[in-house]
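Asks: The residues making up each chain are set out below.
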Amino acid sequence: MLVNDISVDRIDGDDQSSINAESVTPKHVLDRENRDTVGTVTVADPRITCRNVDVYYGDKHAIHDVSVDLGRNEVLAMIGPSGCGKSTFLRCLNRMNDTIDICRVTGQIELDGQDIYDKSIDVVPLRSQVGMVFQKPNPFPKSIYENVAWGPRVHGLARSKADLNEIVETSLLKAGLWNEVKDRLDKPGTSLSGGQQQRLCIARTIAVSPEVILMDEPCSALDPIATAKIEDLIDELRQQYSIAIVTHSMQQAARVSQRTAYFHMGDLIEVGETAAIFTNPKHPLTEDYITGRFG
Amino acid sequence: MGAETNSTRPRTIDIVNAGMAKRHAAEWRFRLYGKLAIAAAMLFLIFMFSSIIYKGHSAFVQTFIGLDITLNPEKLGLGNHPDKKALAAANYSGLVKSTLRDMFPDVTKRKDKRKLYKIVSTGASYQLADLVKSNPDLIGTQIKIWVPADDEIDMLMKGYIDRDLPESDRRVNDQQIAWIDELASQNRLENRFNVGFFTNGDSRDAELAGILAALSGSFFTLIVTLLLAFPLAVATAIYLEEFAPKNRWTDLIEVNINNLAAVPSIVFGLLGLALFINWFQFPRSAPLVGGLVLTLMTLPTIIISSRAALKMVPNAIRDAALAIGASKIQMIRHHVLPLALPGMLTGTIIGMAQALGESAPLLMIGMVAFIVDVPTSVVDPSTVLPVQIFLWADSPERAFVEKTSGAIMVLLMFLVAMNTIAVIVRKKLERRW
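Protein chains in written order, with our numbering: chain A, 1 to 295; chain B, 1001 to 1433.
Derived by calculation from the structure, the hints in this document are not laboratory data.
Note that the structure is a prediction, hence the values are computed from the model and not measured.
Mixed in with the good hints there might be a few duds.
Pairs of lysine to aspartate or glutamate residues, derived as EDC-like cross-links and limited to a Cα-Cα distance of at most 20 Å, are as follows [said to hold, decoys possible]:
1) B:K1311 / A:D98
2) B:K1328 / A:D98
3) B:K1328 / A:E146
So the derived label-pair ranges between C-beta atoms look like this [what the hints assert, rightly or not]:
4) B:I1424 / A:N179: 37 to 45 Å
5) A:R184 / B:F1060: 52 to 60 Å
6) A:E180 / B:K1022: 51 to 59 Å
Beta carbons are placed, not taken as given, at the ideal position from N, Cα and C, and that holds for glycine.
The shape of chain B in the complex, shown without the other chains (with noise of 0.2 Å):
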């Protein structure tokens, strides 16, 4: 009967050799696959990437415009000896139109004269005001300054702004196109690295808005956030690792741990406009409140990559401590916490770059406010900087369009480096069993 089988059935390797075909074809089908998601997904991710810096580079230049001002002290309003407080007051924005009205001689009419004062921005004043505030000695001399130009003229210079458009259809006229041309025609007119971008905070003219305000209500924010979220993390991840015994009320715990790194961010803004606010009443606007609410929204996925950080330690060091006669937290300080530090620390900066992104809960808490000065401490009113992209995305005027995408560009720069660090970080300190 067994001989019989063996001649009836063909052999085992002639059916598989048949089959041979088909399994490559389903392997080489799948790896198609494979490659086809990844190309897409690499596209997009290019597509997204050039877009940004395709809108976005431009914020980091910007025209500036060369005057010549002669400071007349009588145009000022100042006296011989002018102090402070007269240097202060002096009347800079009018030396600044006389200045254009000077350039410009054949300009006589009131609106005309309005149009060209409009050239440059009204942080020219400002600027002027601060030379002669930290130099006063150059009070009767005549200096070139380099002003930025008002957004619109650094719109046109872009070639944001098409000048073969209708005259009625674009936001710079005829006439200001030809003081333009004027004035770059005298070498006038220069495209400048945007330092302002990087050292000015928000502002309603796009030419004077920067970042450093929002910078810097995001560092105080994240501060606030580190100092508070990776100390009761690591504690809470190690109290249930470690010590917790394992029966329901730490499932559940568990559970709700999980559940909670999955609840919306801006219910965490709603509680903590709730508590913190409402109830402790807390500054509105302020890192400390903002530090508060992303500490809550952070906790869960640091102590979930924790716990998984301490279980990747394996039970033969703990075993190996013990049976020297180590009391736990011996175990725990000498040997388990090192083992998962840089799992911990990973996780917490994946945990603090999520922090940084986020927008939503910090609405609820006021962040979104205009705010022009730089804050200084956790307690003055700031916004962040993916709120200061919202708002800017928000603003009509053109020249916000590259503001936000420089912004955009600066996040992602502090993203990358973050996740840089934390690839970094794991790749020094892990140890190799």
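Isolated chain A, as found in the complex (with noise of 0.2 Å):
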């Protein structure tokens, strides 16, 4: 009787061409059965290749056999709903997850052809040529200038002085954010807004010239005018570096990325070219998200 009214309500409620009450929990989300990655994980020139990678924090199954690749100069967006995996998946790509004890990562991650989870490998080494920018804006408690010069410091990248402040300008003017600082480099990165702290933390990943920049959901935490000035820096950066951003914006997604990875549940449901995905998704799960179905 109560159901009854609920769907009722949902019918009258909701436009004529939804779908009826049945597809709330559709068949094919709760199926287990089609869950392998449909399109392309594979790309031509790839910087980092990852193979049948799981990840488990404990005894939770995070990562369900994930096999992607991550292109020379290129964007990967990597898209899903909540709690979905992407950030975790990402965290396993510079071994950021190695700080969370109970978290253990299988199968194979390659950068330009190395296991990185090789016994052999240092993380420090690695996190040089893999750099990581997060969602909420972290810069150091300290000047502006110190939170871009301290990487190229720790590293021991500038022979001098005057080469340590030309590394700082340049990193400055790739994230854009030179002309706002230039006068007060010397006063508390924590003490810009927001929008400007997330490129400043842009410009002390891109200061120790990494490879590739990963970066978690970057503008999650901004305006649009600060999200537009990160997306435009984003496409600029690609000349360089490869990139892999998570985010939770379909819209950025299909506007600064080349391929598109769609994550549910901790599965790779589905990747490909951008803009095939948004208008052609194959895998129904893809589709329902994009169409804003769930999630």
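Since each chain comes alone in its own frame, lean on the hints to assemble the complex.
Replies: And the structure:
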């Protein structure tokens, strides 16, 4: 009786063309058999290749058998509903998950043909090659200059003070922040606005000249104008770096990426050219997500 | 059916309004309890401080007696050109006594003479000796020096001894009171600042007793404690918080550290006695051992506060440093430690303040000794301020009551100063996010 009431309400309230009550939990959402990745996981010129990656948090199986490539000078967007594992997967690529005691990663992740989970690999050189920008801007509570200079300094990249100054300047230029901060490099990085802080974090990341940049929802804490600036920046950075970006916003994925990967509950459902994913999704789950039926 | 419910039930706003008086009353009551609690706490605090200050303020002044002493070399038993040895051995106390006899020529009986000699401190002859030794040219001249009065006379002058009591009930007899009044009328009695309280060690004579030896002992003990406890505790906290895996062993260590913070301090004293003195054969009563014992006692406090300070550092900062490719130790040295340091220092100063006020464990390792000489190193026998207070509180002489309160005032001053420093350090180094 009660169930009937609800279903009647739904049909009454929604557009007539919408699905009926049963499709609230469509069969393919529950069906584990249909979770094989569709689309093209490989690219011609990969920087990072992931094969059969599984991630566990203790007993929880967070990522199931994910295989995907990240190509040279491309932006790979990872989209999917909350808790689908896209950030977890991203953090595998520079082994940031090592900081979580209960996290375990199996499978193969190669950077330029070198297995990054090999026992002989030290995370320090790995992370100097694979930089990361986080969801919430996290500048150090130091001056703007120090924020950018710290990375090159710990790695010993600058030969002289002048060299370091140049690295700081070019990094801030590339991050599109130089003109805004050049007169106040000694001010604390935390005194900047949210969007400026995030660009400072990007400048800090590119100051050590990495090969790959990972971005974990870099615009989720920013307003639309700051977001637009970061998106333009990502497009420019693509000329030099490979970028993997996790984003909540499908519009952002469509705007900045060349390829898109759709994650769902720990599975990589579909990978392909961004244009193809958004106009012609092959998997019903992808279609449901990009048409806004859930997520 | 829905309409029916609406008509029979009163409106929500009416129910809420009806109950508001009760809610306000509950809030008003709670605020009242809070104010009463604070008032009671303040009252006790004011009572404690005023009682200590009322009893102790007089310890900082003292009655002095002015004596005109003719430094007659014959009476001192000195030749024409006395050397240092002769100067040191001269009969100063005899000279002080004869001066007193000259001032009151009508005192003839042996018993009365002894009473007369008693109105000045035994320290008078030492004071005279020091003066003559440092300036032998004074011999043969007449000088006026101010020497401390005996502690009983001091008590009389400060009003702690009631003149109206029957003579047998007070420690100063009528004759002595008469002499004192005579001296007062000659302007030979003065209430002066008690420099000796800050420059002397302990003494059996209350008028000569001071806190310098105890202060110095406390200083050396705290230095040892600080030098050992701070680096050890910070290193422990950093290891446990940043490096150690989270497993059963580290859980066990954490539980043990937390429990150690609650162990009665006297137990640490027993441990120190067994370990450092009986086994390691370290000297007894030494600040070195005291510092070691207090280190054991304050370590858990500093470790716990340092770990809390490290936990307060946002993980975003650690992620940021690691993602750039910093090693863990670089991350800690450059980012985590500077942010955690104010909290660590606050914890350390609080721990040191706790150590400064501690007496029980130090009794166990012999720092309860009677120390006259000011210790000059960490292995000299010494006592500490709280133990000195304990010793004085135990003394039967009336004059030690004010000394006890005076020493408590000094101790409290140090504790307040240390806590103020802790607050200032925290405010100065704290970074805003």
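Asks: Each of the hints needs a verdict: does it hold here or not?
Replies: Hints versus structure:
1. Distance restraint check for K1311 of chain B and D98 of chain A: the Cα-Cα separation of roughly 19 Å lies within the 20 Å cut-off, and the hinted pair is therefore satisfied.
2. With a C-alpha separation of about 12 Å, the suggested pairing of K1328 of chain B with D98 of chain A holds against the 20 Å cut-off.
3. The hinted pair formed by K1328 of chain B and E146 of chain A meets the criterion: a straight-line CA distance of about 19 Å does not exceed 20 Å.
4. For I1424 of chain B and N179 of chain A, the hinted distance range of 37 to 45 Å is satisfied, since their beta carbons lie about 40 Å from each other.
5. For the hinted restraint 52 to 60 Å between R184 of chain A and F1060 of chain B, the CB-CB distance of approximately 54 Å keeps it satisfied.
6. Remark: the range hint 51 to 59 Å for E180 of chain A to K1022 of chain B is upheld by a beta-carbon distance near 57 Å.
The earlier numbered hints are all upheld by this structure, with none contradicted.
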